[in-house]
Amino acid sequence: MKKIENKPEVLAPAGNLEKLKMAIRYGADAVYIGGQAFGLRSRAGNFSYEEMTEGVAFAHDRGAKVFVAANMVTHEGDARGADDFFKTLKSIGVDAVIISDPALIVVCFNAAPGLPIHLSTQASATNYKTLEFWKSIGLERVVLAREVGIEEIREMRRHTDIEIEAFVHGAMCIAYSGRCTLSNHMVNRDANRGGCAQSCRWKYDLFDMDNGEAKSHLRDGEPFSMSAVDLSMLHHLPDMIDAGVNSLKIEGRMKSIHYVSTVSNVYRSAVDAYCDDPEHFSFDPAWDEEIWKVAQRDLSTGFYYGVPTEKEQLFGKPRTIPKYTFAAQVLDYDPDTHIATLEQRNNFGVDEEVEFYGPGFTHFKQTVRDLWDEDGEPIDRAPNPMMTVTMTVDAPVEPYFLMRKK
Amino acid sequence: MIEIIATAESYEQAKALLDNGADRLYVGGHPFGLRLPESLDLEQIGQITKLAHQREKKVTVACNALMHNEQIKKLTPYLSKLAELDVDTLSIGDPGAIFVLKELGFPLQFIYDGGTLATSAEQLAFWAGQGACGAVAARELTLKELITMQKMLKQPIEVQVYGPTCIHQSGRPLLTNYFNYTGGTAQAEKASELYLRDPKNENSQYPIVEDEEGTHIFSTEDLSLMGQLKLMVENGLDTWKLDGVLCHGNQFVQIVALFDEARRSIEAGTFIAESFCNRLAKIQPEQRPLGTGFYLKSPEDVH
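In order, the protein sequence lines correspond to chains A and B.
Anchor point for the first sequence: position 96 equals 96 in full-length UniProt numbering, and the numbering is continuous, going up by one each time.
Anchor point for the second sequence: position 286 equals 286 in full-length UniProt numbering, and the numbering is continuous, going up by one each time.
Just so you know, these hints were derived from the structure itself, not from any lab.
Glycine included, each C-beta is placed from N, C-alpha and C at the ideal position.
Treat the hints with caution; some may be incorrect.
Here are some chain B residues pointing at chain A (derived, C-beta under 8 Å) [as the list claims (entries may be wrong)]:
1) Thr148
2) Ile167
3) Asn177
4) Tyr181
5) Leu196
6) Pro199
7) Leu280
8) Ile283
9) Gln284
10) Gln287
11) Leu290
Just chain A, with the same shape it has in the complex (with noise of 0.2 Å):
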């Protein structure tokens, strides 16, 4: 019978700590962060010691594991404080740090001995040997760059046991990681500093010089582009876990907590039914419903199965995805009256169809019969952010299920 050795671990994003309690509740396995310095999110909301330190409580608690991404690639004097950084982070009982850059790698073994480095994507691993060669510096794990085959990570599996994580599901670069300087070039802004402005999703001109003459390329009004739709390894999954993969990134630190569960939720369920039992698995349609409620562009298998084609880049009009709205978050639920208190994350009212889903893959659709205020107080909708209110639902929920809405 087929067993499962090694089973990989499910990796979430977690821009804030709201978020990093919601992806370990809905089922990952280990989640990264960002500190304050030392990343490329300046933008997702990151943490300071203290959420760093409760977030690693919250995580050790429940078995689960936290890294701290620090993948920037530093000019002189970025690398400043690093190693006050790297100790704090050891300090706090991090799991591991993500790194591309070698000098923070230096700064790092220097600093805080024993915190396990894994390398970042940023850094372009393609190939077995260089997978050796970062076991040979002391790394690890490695996570490989995007561009990396299903056949290739199986080969790299049988040349080396150093740990591999890859990305399974969330959107890409067009470019290798790290080799674009786009936003240098085009608004002084440095991608590997954290300042990408995603100019591969601009749209172009393309043309030829003749005798001083720019001659359009362009057809039909298409503009060149070079956006990549979003990579979800969702139905392939048993390809990554028997190639020897050792962790399955999710990405998106700046997405929502409606999206991070849900994915969570999704993956978490997946991989445990196929880990549980890999000779009678079979994909369940569900997961693929689920994955669509919140995703933001076409889905595509990236490089896993070949060089992408066209049908891999946002051309023309974008498919429609129906969306979904996380409308409120249960607070509490009385199973004698099947009444949930609910906290308001979106405008929602009576005679609404909406949905409620929690860990553990459970989800079911409700309708809005009633709905009261903080004071027992009848009303027809939630009108205010963060409000709690009341009403009755068919099925037993738990504190933490997030309920959804069209």
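Dock chain B against chain A, hints included.
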């Protein structure tokens, strides 16, 4: 000692470059060397190396690709051949290639060419610790940063003083994908020299090239540090690279010759920057404006 490094696209051009002041030729070929004016095979590299050595000049071979397993497997025989040909130096960006080179134990030197990832003295010191005898600086650095870095490093930092710089490398065939989507004839169109323009910036004109490795986008301007050469020399930045990836034949040779003349003039103490800048402007390809890229910006301008 100021060293002038120039890309060479053929034996004939290599000869002319050596005649006109190049101290070191930069050559290479598919699938290990990226963004070269021509992909040369081992025989051509051998001939050029012989020629350079006859004149007591040197050759660097580009091994600057981001290598996949397939390339890494072919790398050992390639490096063995290069060692036999007695080339002087390799330029390597992929740590896996450095690992292979160390395992083989060949007496081949290498410089670290990590493209966008070579931005501080501490990084370059790390690669020096792995055996690198020099390093290529990222083009997104300012002169101020480069000067600081060189002061902190024993190994020479190679600075691009002339030519276009790559600002984007994708593993995808972005032109083919566009033409396939719009129903164009990809083969024919890819043969012409294509540019991108950001509609928000009328003066932008980014060369875009697709090859077996994917798609490369270059800067609108050809970098030129002609006006800053003296300042560079005074601050120990004396390894100059001229890149002819988009400028071919004799036109490139003339430009190299002008930088050689500038060098001699600096050494003689007679250098007048404005005069040399003017002369460069006259021989510069018409469709390629000259500029100083990030070199004269303040480090605080880019964030």
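Checked hints:
1. With a least beta-carbon distance of about 5 Å to chain A, the hint placing Thr148 of chain B at the interface is held under the 8 Å criterion.
2. Restraint check, Ile167 of chain B versus chain A: the minimum CB separation of about 5 Å is within 8 Å; hint holds.
3. Contact between Asn177 of chain B and chain A, as hinted, is supported at the beta carbon level, the nearest pair being about 4 Å apart and thus within 8 Å.
4. Hint status for Tyr181 of chain B relative to chain A: holds, with the closest Cβ pair at about 4 Å, below 8 Å.
5. With 8 Å as the threshold, the beta carbon of Leu196 of chain B comes within range of chain A, its nearest partner Cβ sitting at about 4 Å, so the hint holds.
6. At a threshold of 8 Å, the smallest CB-CB gap from Pro199 of chain B to chain A is about 6 Å, leaving the interface hint in force.
7. For Leu280 of chain B, the suggested interface contact is broken, since its CB lies about 20 Å from the closest CB of chain A, more than 8 Å.
8. Interface restraint check for Ile283 of chain B: the shortest CB-CB distance to chain A comes to about 17 Å, outside 8 Å, so the restraint is violated.
9. Hint on Gln284 of chain B is violated. Least Cβ distance to chain A is approximately 14 Å, over the 8 Å limit.
10. At a threshold of 8 Å, the smallest CB-CB gap from Gln287 of chain B to chain A is about 5 Å, leaving the interface hint in force.
11. Proximity of Leu290 of chain B to chain A is violated relative to the hint, the smallest CB-CB distance being about 15 Å (cut-off 8 Å).
Violated hints, listed in ascending order, are 7, 8, 9, 11; each of the other numbered hints is respected by the structure.
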